[in-house]
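One-letter residues, chain by chain:
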Amino acid sequence: MALPLNILSFKPVALNAPTVSTKLEWADKLGALKMRMGFGRDDYRLEPGLYRLGTPDNNSDVLISANYKLSFDMLRKNLGGLNLWILVIDTNGVNVWCAAGKGSFGTERVVKSIKDHSLEHIVKHRRVILPQLCAPGVAAHLVKEQTGFRAVFGPVLAKDIKAYIAAGYKATPEMRKMAFPLKERAKLIPNDFMYGKYKLLAILAGLFFVSGLDRSGFLFDKMLSTGLFPVLNIFMAYFAGIVFGPLFLTWIPFRAFALKGIFWGSLSTVVLNLIFSVSPLESIALGLMNISIASFMTMNFTGSSTFTSLSGVQKEMKWAVPLQIGLIATGIILFIVSKLI
Amino acid sequence: MQYLRNVVTLKLDQALCTGCNMCTIVCPRAVFEIRDTKAHILDINDCMECGACALNCKTKAISVRAGVGCAAGILNGILNGTEPSCDCSTSTTNCC
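As you go down the protein sequences, you meet chains A and B in turn.
Counting along the first sequence from 1, when you hit position 62 you're at 62 in my numbering, and nothing is skipped either side.
Counting along the second sequence from 1, when you hit position 81 you're at 81 in my numbering, and nothing is skipped either side.
Derived by calculation from the structure, the hints in this document are not laboratory data.
These numbers come from a predicted model, not from an experiment.
One or more of the hints may lead you astray.
What the hints assert, rightly or not - SDA-like mimics (lysine to any residue), calculated; alpha carbons at most 20 Å apart, straight line:
{"id": "1", "chain 1": "A", "residue 1": "Lys77", "chain 2": "A", "residue 2": "Leu33"}
{"id": "2", "chain 1": "A", "residue 1": "Lys144", "chain 2": "B", "residue 2": "Cys20"}
{"id": "3", "chain 1": "A", "residue 1": "Lys23", "chain 2": "A", "residue 2": "Thr55"}
{"id": "4", "chain 1": "A", "residue 1": "Lys315", "chain 2": "B", "residue 2": "Thr82"}
{"id": "5", "chain 1": "B", "residue 1": "Lys60", "chain 2": "A", "residue 2": "Gln146"}
{"id": "6", "chain 1": "A", "residue 1": "Lys318", "chain 2": "B", "residue 2": "Arg65"}
{"id": "7", "chain 1": "A", "residue 1": "Lys318", "chain 2": "B", "residue 2": "Ile78"}
{"id": "8", "chain 1": "A", "residue 1": "Lys170", "chain 2": "B", "residue 2": "Asn21"}
{"id": "9", "chain 1": "A", "residue 1": "Lys177", "chain 2": "B", "residue 2": "His40"}
{"id": "10", "chain 1": "A", "residue 1": "Lys177", "chain 2": "B", "residue 2": "Thr24"}
{"id": "11", "chain 1": "A", "residue 1": "Lys315", "chain 2": "B", "residue 2": "Arg5"}
{"id": "12", "chain 1": "A", "residue 1": "Lys177", "chain 2": "B", "residue 2": "Ile78"}
{"id": "13", "chain 1": "B", "residue 1": "Lys60", "chain 2": "A", "residue 2": "His141"}
{"id": "14", "chain 1": "A", "residue 1": "Lys315", "chain 2": "B", "residue 2": "Lys11"}
{"id": "15", "chain 1": "A", "residue 1": "Lys318", "chain 2": "B", "residue 2": "Arg5"}
{"id": "16", "chain 1": "A", "residue 1": "Lys315", "chain 2": "B", "residue 2": "Ile44"}
{"id": "17", "chain 1": "A", "residue 1": "Lys170", "chain 2": "B", "residue 2": "Glu33"}
What the hints assert, rightly or not - A few chain B residues that don't get close to chain A, going by computed Cβ distances all over 12 Å:
{"id": "18", "residue": "Arg35"}
{"id": "19", "residue": "Thr37"}
{"id": "20", "residue": "Ile41"}
{"id": "21", "residue": "Glu49"}
Just so you know, even glycine gets a beta-carbon here, dropped at the ideal spot from N, CA and C.
Chain B with its partners taken away, still in its complex shape:
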């Protein structure tokens, strides 16, 4: 299962990578692989920009614009003039 091609903002700077393996642990989409003590992106189109890898990368070798891939959340953001956000913890019932 894969979504639109060539849109995600995931970037990996191998020069900063220490091969700690954390990205392969946290990614629920198996985007990363460690080869020769460096992380490699297998198929970038598998990424859903959840941000787990970047947040857990100690050396900041990974960057991504993290957010919810949720149409209702994006509409909320546009209507309220805020960042895209679903309303999970407020009084509305729709949620990711």
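Isolated chain A, as found in the complex:
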């Protein structure tokens, strides 16, 4: 069996640029899975620099990419059969879109990278292909001004690059759109789910403990016998807000994500109350907490989505955050009261 390719060990040096494979090894796939699950996401990068793909010469195209390994793997696996150069710029290990938004995938770094690697001596032509999604950070006309290289924007997705090049560096309108189908949304869920795991466990433990409160003090048996319901409620609300909210994003008609979350928090409350029967006060208390948590979690998905604007999210948060805080505070107080009366 061939040894798994270790991209991280390559140190690119101008003309002795290392060659990368277009095939992903099991180590790459395992790495991708780990990223999706939210493990070690901050350190999944490769050495910035110039790489060869296939056997490029001085007429070959130059692609520019980020040094987030998941992005780089996606790129190279879609380029089988091509011969070209890949110039990986240092985006601090962040993907193209987010790095462009933060400015690390910006005009300055692209210009510096082209100059640092003396690209003008490596290829005869004067064109570099940028991923379209770096455009919030890279001004093509400034790259041209400062390096002499015409920066053209390739398609949004790596899978369209071959067709783009074959068509004479032209992307169809479809290739230029950032779609957000169910499958893509589903891929983001595990990481979002893991994000708040410790806070979730802390809240669950807290509510489990409070379940044992009683007028006569603290009853261990009461905690054990009534603690399951609040734990189930909060877990369901968290789950509904993070999983159902994004998954069925387009099915719920409200535009504000916080409202979509309120729907899921309410629905999970109704379902649980159909199965279990507890005092009305406890039902209401947990319902308020459910709505708050599900609303907050779905609202958080604005950051993962591909169509929300800063102005829009700010507008939504102006009413949603105070509401969420109010609901959860009221819910906690009522829950404690329901244990004491």
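On the provided structure of chain A, position chain B as indicated by the hints.
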């Protein structure tokens, strides 16, 4: 898929537009169209304020307050007293 209506800050000054087509190339939401050598906004509610068009408009015909449409990023900004920003390149794990 569309987000809240009538909130985005995107503005196009057609007098400055040269019809170079760059905005239609960089916009991932297909907000622009070139008609009669001028850019037109098709549906402004499709815009997510990423800023690609404004940055790549040579004649500065387009303006927009660019930023991340990310609740966690906005909360970060409020808590740290800075502009809205996600923490992608620092030690936290949550990211756009």
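For each hint, the structure was consulted:
1. A:Lys77 x A:Leu33: holds, 16 Å
2. A:Lys144 x B:Cys20: holds, 15 Å
3. A:Lys23 x A:Thr55: With a Cα-Cα distance of about 15 Å, the restraint between lysine 23 (chain A) and threonine 55 (chain A) holds, given a limit of 20 Å.
4. A:Lys315 x B:Thr82: holds, 18 Å
5. B:Lys60 x A:Gln146: Holds - the C-alpha atoms of glutamine 146 (chain A) and lysine 60 (chain B) are around 19 Å apart, at most 20 Å.
6. A:Lys318 x B:Arg65: Status holds; Cα separation ~18 Å.
7. A:Lys318 x B:Ile78: Within the cut-off at roughly 12 Å; holds.
8. A:Lys170 x B:Asn21: OK: lysine 170 (chain A) and asparagine 21 (chain B) at ~13 Å, within 20 Å.
9. A:Lys177 x B:His40: Holds - the C-alpha atoms of histidine 40 (chain B) and lysine 177 (chain A) are around 17 Å apart, at most 20 Å.
10. A:Lys177 x B:Thr24: holds, 10 Å
11. A:Lys315 x B:Arg5: Holds, because 11 Å separates the two Cα atoms, which is no more than 20 Å.
12. A:Lys177 x B:Ile78: violated, 31 Å
13. B:Lys60 x A:His141: Given that 20 Å is the threshold and the Cα spacing comes to 12 Å, the pair holds.
14. A:Lys315 x B:Lys11: Measuring from Cα to Cα gives roughly 19 Å; hence the hint holds.
15. A:Lys318 x B:Arg5: holds, 16 Å
16. A:Lys315 x B:Ile44: This hinted pair holds, its Cα atoms lying about 17 Å apart.
17. A:Lys170 x B:Glu33: holds, 16 Å
18. Arg35: Given that every Cβ of chain A is farther than 12 Å from that of arginine 35 (chain B), nearest at about 15 Å, it holds.
19. Thr37: holds, 19 Å
20. Ile41: Its Cβ never comes within 12 Å of chain A, the nearest being 14 Å, so this holds.
21. Glu49: At about 4 Å from chain A, glutamate 49 (chain B) fails to clear the 12 Å cut-off, so the statement is violated.
Of the hints listed earlier, those the structure fails to meet are numbers 12 and 21, in rising order.
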